[in-house]
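Protein chains in written order, with my numbering: chain A, 1 to 104; chain B, 1 to 177; chain C, 1 to 491.
Think of the hints as simulated: they come from the structure by calculation, not from any bench. The C-beta atom is built at its ideal place from N, Cα and C for all residues, glycine as well. Treat the hints loosely; a few may be bogus.
To spell it out: a stretch of chain B is covered by chain A in this simulated footprint if at least three of its residues, at any positions, have a beta carbon under 8 Å from a beta carbon of chain A; those stretches are [claimed, not checked]:
1. 20–27
2. 39–45
3. 55–67
4. 76–85
5. 107–119
6. 139–150
Pairwise CB distance ranges, derived in the manner of DEER restraints [said to hold, decoys possible]:
7. I108(B) / S474(C): 50 to 56 Å
8. D442(C) / V115(B): 35 to 41 Å
9. G75(B) / F472(C): 55 to 61 Å
10. V471(C) / E58(A): 53 to 59 Å
11. L208(C) / M20(B): 48 to 54 Å
12. V18(B) / T55(A): 24 to 30 Å
13. V67(B) / E58(A): 28 to 34 Å
14. W47(C) / G75(B): 39 to 45 Å
15. G75(B) / S412(C): 54 to 60 Å
16. A416(C) / G119(B): 36 to 42 Å
17. E98(A) / H41(B): 21 to 27 Å
18. T55(A) / G75(B): 30 to 36 Å
19. E98(A) / A364(C): 23 to 29 Å
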Amino acid sequence: MVPLTWYLTLAAFMFCSGLYAALGRRNAIAVLMGIELMLNAANINLIAFWRYGVTPVENVDGQVFAIFVIAVAAAEVAVGLALIISVYRNRKTLNLDELDILKG
Amino acid sequence: MPELPIPIPPLPTLHESVFMAIALLTVVGAFLVVAARNLFHNALGLALTFFGVAGVYFVAEAEFVGVAQVLVYVGAISTLITFAIMLTRGMMYGATSPLNRQAGTAAIIAATVFVVMAGLLGSLPWPVAEEPIVDGQIVIANLGVGFVTEFVVAFLLLAVLLLVALAGAIVLAQDRK
Amino acid sequence: MNNASLELNIVALAPAASMVIFALLVMAVDVFARGTRTQPVRAATPWVALLGVLVTAGVCVWLLGQPVTTFQGMAILDRYSLGIAFVVLVAAGLSILVSARYIPRVNAQVGEYYALILLISAGMMMMGAATDLIVVFLALETFSLGLYILAGLRRSDAMSSEAAMKYFLLGAFASGFFVYGAALVYGATGATQFEQIAAMATNPATDLTFIYPGIALLIVGFGFKVSLVPFHMWTPDVYQGAPTPVTAFMSAATKAAAFAAFYRVFLVALPSQQAVWGPALATLAVLTMTLGNLAALRQSSLKRLLAYSSISHAGYILVGLAAGSIAGVEASLFYLLSYAFMNIGAFAVVTLLEKQGEMDADGARLRGLGQRKPLLAAVMAIFMFSLAGVPPFAGFFAKFFVFAAAVQGGMSWLAAIAMLNSAIGAYYYLRVTVVMYFNAPDAETVSEVKSNWPLNVGIGVALAFTILLGVFPSLWTTLMESGVVTALALR
Chain A
1 MVPLTWYLTL
11 AAFMFCSGLY
21 AALGRRNAIA
31 VLMGIELMLN
41 AANINLIAFW
51 RYGVTPVENV
61 DGQVFAIFVI
71 AVAAAEVAVG
81 LALIISVYRN
91 RKTLNLDELD
101 ILKG
Chain B
1 MPELPIPIPP
11 LPTLHESVFM
21 AIALLTVVGA
31 FLVVAARNLF
41 HNALGLALTF
51 FGVAGVYFVA
61 EAEFVGVAQV
71 LVYVGAISTL
81 ITFAIMLTRG
91 MMYGATSPLN
101 RQAGTAAIIA
111 ATVFVVMAGL
121 LGSLPWPVAE
131 EPIVDGQIVI
141 ANLGVGFVTE
151 FVVAFLLLAV
161 LLLVALAGAI
171 VLAQDRK
Chain C
1 MNNASLELNI
11 VALAPAASMV
21 IFALLVMAVD
31 VFARGTRTQP
41 VRAATPWVAL
51 LGVLVTAGVC
61 VWLLGQPVTT
71 FQGMAILDRY
81 SLGIAFVVLV
91 AAGLSILVSA
101 RYIPRVNAQV
111 GEYYALILLI
121 SAGMMMMGAA
131 TDLIVVFLAL
141 ETFSLGLYIL
151 AGLRRSDAMS
161 SEAAMKYFLL
171 GAFASGFFVY
181 GAALVYGATG
191 ATQFEQIAAM
201 ATNPATDLTF
211 IYPGIALLIV
221 GFGFKVSLVP
231 FHMWTPDVYQ
241 GAPTPVTAFM
251 SAATKAAAFA
261 AFYRVFLVAL
271 PSQQAVWGPA
281 LATLAVLTMT
291 LGNLAALRQS
301 SLKRLLAYSS
311 ISHAGYILVG
321 LAAGSIAGVE
331 ASLFYLLSYA
341 FMNIGAFAVV
351 TLLEKQGEMD
361 ADGARLRGLG
371 QRKPLLAAVM
381 AIFMFSLAGV
391 PPFAGFFAKF
401 FVFAAAVQGG
411 MSWLAAIAML
421 NSAIGAYYYL
431 RVTVVMYFNA
441 PDAETVSEVK
451 SNWPLNVGIG
461 VALAFTILLG
471 VFPSLWTTLM
481 ESGVVTALAL
491 R
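In isolation and in its complexed conformation, chain A is listed as follows (with noise of 0.2 Å):
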């Protein structure tokens, strides 16, 4: 059986990468797709709680809140793209470090 401390391993290099890619990258589909990948890190965790929990199969908690964790994903995406690609037409640009003309 594979312990638990593989999956919050293999979960937690997801959430730090994700955390790099959102925090380092200038484009903003990159940033966004460093924010999915930290998403489905905390699912890892969600999912591997569960499965190590006392009573896996009775109490589903974890395996709920991962399922809500993906459909609210597709729906921020889905939202989050639509806004992205309406700055793309206004400015012909994704690239963050250009994208300030909000400034004090």
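Using the hints, position chains B and C against chain A.
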């Protein structure tokens, strides 16, 4: 045969080998997302990661979530992101760096978070080896019952959320002069 | 899973459900009007939405007398959730009035705009009612998703779409932290319901290794939503770029909703770990107040000024949570209500100062407003005095109650720093007043101020309550105590 100074760890079981292979796939995908210069390669890496994560769910015997992952993440989200990349094609990288000015700081933050999290895992007193789930159908049945009883509030809220997304799509997309 | 006792008390969801029903009604009205092209019917959408707000407020007043009810341990109806519902309703109602003549100039999808405002409000009310991490997550996403869209309402405008995209990216980033934190708390305690988490967290058999990173990540997630320093960098950009009525709604209602869940998660689910999060939150409160105020000193745009001011107000409200007591919670609730009136009022005045097609007003445009529009200048001055915490306006008692709660909770040093910060804040609020009365009007300020009656009603209501709550703060406390329920159902 002389005694080795370090005991040889037991060979991984089939289960563990499968997990390792899937995890490797996932890690490679995540690495592609983060490191590849071309946005298309990022998106391919992302799809690979999504597949890997679905595999992880199957190994953990959460088949329903695994299927949902394939349908939603691989089927819908990867496709959407690919479309967005194609619609904004001018943005694929040429000579400029894909990283912004604070990428160094970002790397340090990410590495620190990983070290802290991995360090916590080391101190984890979690001896429970999970029992294989005998009847997976009961889990799925419990999920279904959960959605319409215990989690019905969450289910209703999700409906509101999708309504928001739909109304938002109209606001963002439709022109009415 | 406990299916033994189904508690399907629809009453616990009544305020949010009423908002959703009216949102559907608004959409239906819009659709029917679209077929016939009858302008009068389409012009009715804001009033249907406003009717929804009023009906829901009536439902909430009726519910004040009802006993505490829970819905499957997922949502709860208590004085606290109703208090948050009132704040959200105030914000929604005032924003609808401010929007009535503004939004048609910005986006043609007027019907969807009001439907979205109501749906977002429903999500925000659920933030106050949620007693489960899953429900908190869904409520958070429901209102955030709606707000991303509203921020980008003006699609052809580069500022608006940039603000929406930045808001979306940082909001989604924060959701990532929130879910990861919630997952770790779930891992440590094996539960997502607050009461079960609280029970497991005090159980000596529970291994709490994961709960600390979980708490840290939850603080980061909520910190983004309520814009605490150092998670505040999106706030000025988004507030400046979003259409002004949306900014007004966002500033007051998002704070209420996010603080509502923030409070409940920490005080109901994790009170046993207060030794860990109490000092952390106190530190964040100090940072937020100080940096927010210092940055506000340097702003020329009115919307950016109010954005940094809203960051510092988040710091003051957080003082109430750091105190960790019932008094702190009640004080914060009063603060959120007063803030809704005075801040939306201030933003409403800003909409009047914007030129046609413009989304922001420079502080210089206030020059000589005292001579050109004495009434408007006086109103703006009152909002500024209230935000600064000058008696006898609502903002004074809001600050007073929160600081008193901090002193009671043994955090006198925090109260002292907060008071020092109010003094810094007073400088830039009063400077606005000085510019209005003591600077001569110039070419920049000649633009004529176009007002309309819904906006005037909105400003009037905000003004009336800013003064009323300042003179009789007991109005609110009496209203809340008319219910038999206890705040937060804390034991």
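Hints, verified against the model:
Closer than 8 Å: that is the beta-carbon criterion, and the stretch 20–27 of chain B has 3 residues meeting it against chain A, so the requirement of 3 holds. Counting residues of the stretch 39–45 of chain B whose CB lies closer than 8 Å to any CB of chain A gives 3, which reaches the minimum of 3, so the coverage claim holds. Chain A is given as covering the stretch 55–67 of chain B, and this holds because 8 residues of the stretch bring a CB closer than 8 Å to a CB of that chain, at least three being needed. Check result for the stretch 76–85 of chain B against chain A: holds, 7 residues qualifying (beta carbon to beta carbon below 8 Å, three or more required).
Counting residues of the stretch 107–119 of chain B whose beta carbon lies closer than 8 Å to any beta carbon of chain A gives 8, which meets the minimum of three for the stated coverage. By the rule of at least three residues with a Cβ nearer than 8 Å to a Cβ of chain A, the coverage given for the stretch 139–150 of chain B holds, with 5 such residues. Between I108(B) and S474(C) the beta carbon distance is about 52 Å. The supplied range of 50 to 56 Å therefore holds. Taking the beta carbon of each, D442(C) and V115(B) are about 58 Å apart, not inside 35 to 41 Å as hinted.
Between G75(B) and F472(C) the Cβ separation comes to about 58 Å, which falls inside the hinted range of 55 to 61 Å. Range check, V471(C) to E58(A): Cβ separation about 56 Å, and the 53 to 59 Å hint holds. For the pair L208(C) and M20(B), the supplied restraint of 48 to 54 Å is violated, since their beta-carbon distance comes to about 30 Å. Roughly 25 Å separates the CB atoms of V18(B) and T55(A), a value that falls within the hinted 24 to 30 Å.
A C-beta distance of roughly 21 Å is found between V67(B) and E58(A), which places it outside the suggested range of 28 to 34 Å. Between W47(C) and G75(B) the CB atoms are about 43 Å apart, so this pair conforms to the stated range of 39 to 45 Å. For the hinted restraint 54 to 60 Å between G75(B) and S412(C), the CB-CB distance of approximately 58 Å keeps it satisfied. Our hint of 36 to 42 Å for A416(C) and G119(B) holds, since their Cβ atoms are close to 37 Å apart.
Under the hint 21 to 27 Å, the C-beta atoms of E98(A) and H41(B), about 22 Å apart, fit the expected range. In this structure, T55(A) and G75(B) meet the distance hint of 30 to 36 Å, their C-beta atoms being roughly 32 Å apart. About 28 Å separates the C-beta atoms of E98(A) and A364(C), a value consistent with the hinted range of 23 to 29 Å.
Consistency with the previously given hints fails for numbers 8, 11 and 13, ordered from lowest to highest.
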